Amino acid sequence: MDSARSWLQKLQPRDKDRGKPASPTAARKDGAAAMAEDGEEAISSTTATKVAAAKQFIENHYKDQMRSLEERKERRRMLESKLADPDVSEEEQNNILKDFENREREIMRSRRHKMGVDDFELLTIIGRGAFGEVRLCREKATSNVYAMKKLKKSEMLRRGQVEHVRAERNLLAEVDSAYIVKLYCSFQDEEFLYLVMEYLPGGDMMTLLMRKDTLTDDESRFYVAETILAIESIHKHNYIHRDIKPDNLLLDRTGHLKLSDFGLCKPLDSSSFPNLSEFDYAVGKNINPSMDGDKLLSSSAAPRRTQQEQLLHWQKNRRMLVC
Amino acid sequence: MSLFGLGRNQKTFRPKKSAPSGSKGAQLRKHIDATLGSGNLREAVRLPPGEDINEWLAVNTVDFFNQVNLLYGTLAEFCTPESCPTMTAGPKYEYRWADGVQIKKPIEVSAPKYVEYLMDWIEGQLDDESIFPQKLGTPFPPNFKEVVKTIFKRLFRVYAHIYHSHFQKIVSLKEEAHLNTCFKHFILFTTEFGLIDKKELAPLQELIESIIPY
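Protein sequence lines, in the order shown, are assigned to chains A and B.
For the first sequence, counting from 1, position 136 maps to 136 in full-length UniProt numbering; every step adds exactly one.
For the second sequence, counting from 1, position 7 maps to 7 in full-length UniProt numbering; every step adds exactly one.
Any given hint could be a false lead.
Simulated coverage check for chain B against chain A, where a stretch passes if three residues somewhere in it have a Cβ under 8 Å from a Cβ of chain A [said to hold, decoys possible]: (1) 40-48; (2) 51-62; (3) 68-74; (4) 177-191.
Just so you know, these hints were derived from the structure itself, not from any lab.
This one's a predicted model, so the numbers in the text were calculated from it and none came from an experiment.
By construction, the Cβ of each residue, glycine as well, lies at the ideal position given by its N, Cα and C atoms.
In isolation and in its complexed conformation, chain A is listed as follows (with noise of 0.2 Å):
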């Protein structure tokens, strides 16, 4: 397998949730993604989300293999130049030959290697979730420190919350943005699932706002436009995440904005979009659409509605978006 920090450990394919052949309803619930050229049936959002991720994972795993080639002769060539020493005695050379083929075994068995809750040194609960917990923990071979979130499968069961939590997965193993909170790996035992992310430090902005009370226009601007950005991100991926709220959008150490809590996001489907064209929006401003130039429709195709009956449409509109 690819070193700890690749892809394939964020998509982790040996991990359980393999995929596992669904039936044709139900891949097609999302609806049509995209539409084979040979204008077969479309396919659904699913499959075009395992297709892209993939393709993702097969080109990086021969861009990886490569590369570990090179290394690897590199490391060879490095060997051979410490051997060809005049000064080197036969003991130590045989030593250092020893050493070298002790070390490429111990790099290819740390390829297999899975990621576990036993690479990990446990410390603080930061958080408490209806299936688990986030704790901060630190990873034994680097040190480094990343927020741990625990699900609890029986509970996640009971409560259908499978796909929402598969949908988080897949969203923050493909999504690569600097306003995302990124996902280290994910792997599972008997009991929970585990999702490895950064840590960041800086907190919450219902924290931030709580504690500031009001922000300034400048920071305003500021949070409100890296807000932007983040949910652009994930809306580029064909996803929405239909839970953005301050508790959501956590601050790294400088102060940068980074969404999380993807627990709700959707894979997106365009085709199931209402019509929320500019004529409804124009009825609701009280302007006669005939008079817009590049509007031309009859009165038949669209009823004049009051601003009392615009506002229902579009709560309706807007429920159907987030169904």
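Starting from the known structure of chain A, fit chain B onto it as the hints suggest.
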């Protein structure tokens, strides 16, 4: 029953003598050239100097498992019990499942069920510390290469099914370069270390000959 549930004499591979010999191989052969720029795969499969062969087999087995797993996973919507009621590699070859432990007598199952059994079985082997040790210093079992050969034989069957039953879908998903690269790498590796018997490779013979001319 052999150790680790590897029944060697199971009749799980059933060539059909009466089946028509179509030109599927020739059709696939036209597409095999679409690959990723993935460097020199012939060099990539060779045992590095001074490396333990078992470590090399182990790390590559995990890599190939992950690749097949991901590639087949993209077809979950299309490879269903309805579309693929049996695990076949074209009209001439059919596979039945037996693991020698839970299922001793080969049974006919749908392709998705077969692949599910197969992947679960392989994953069980990969996670077994006594077969694929992860702790430093733990040795490989004496029959390790036999275990690896069985894994590779079974992974090949997934490739054979994908190429024969779902290649058009792979093309429409624009995945053929990825599939071909992984398959070429897989075949070069199995050839380098003699991991799959020639008769097992028959379903994709023409394709393989375009990779490694016999």
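Now for the hints, and whether the structure bears them out:
1. 40-48: holds (count 3)
2. 51-62: holds (count 7)
3. 68-74: holds (count 5)
4. 177-191: It holds: at least three residues are needed, and the segment 177-191 of chain B offers 3 whose Cβ sits within less than 8 Å of chain A.
Figure legend: structure checked against the earlier numbered hints; every hint is met.
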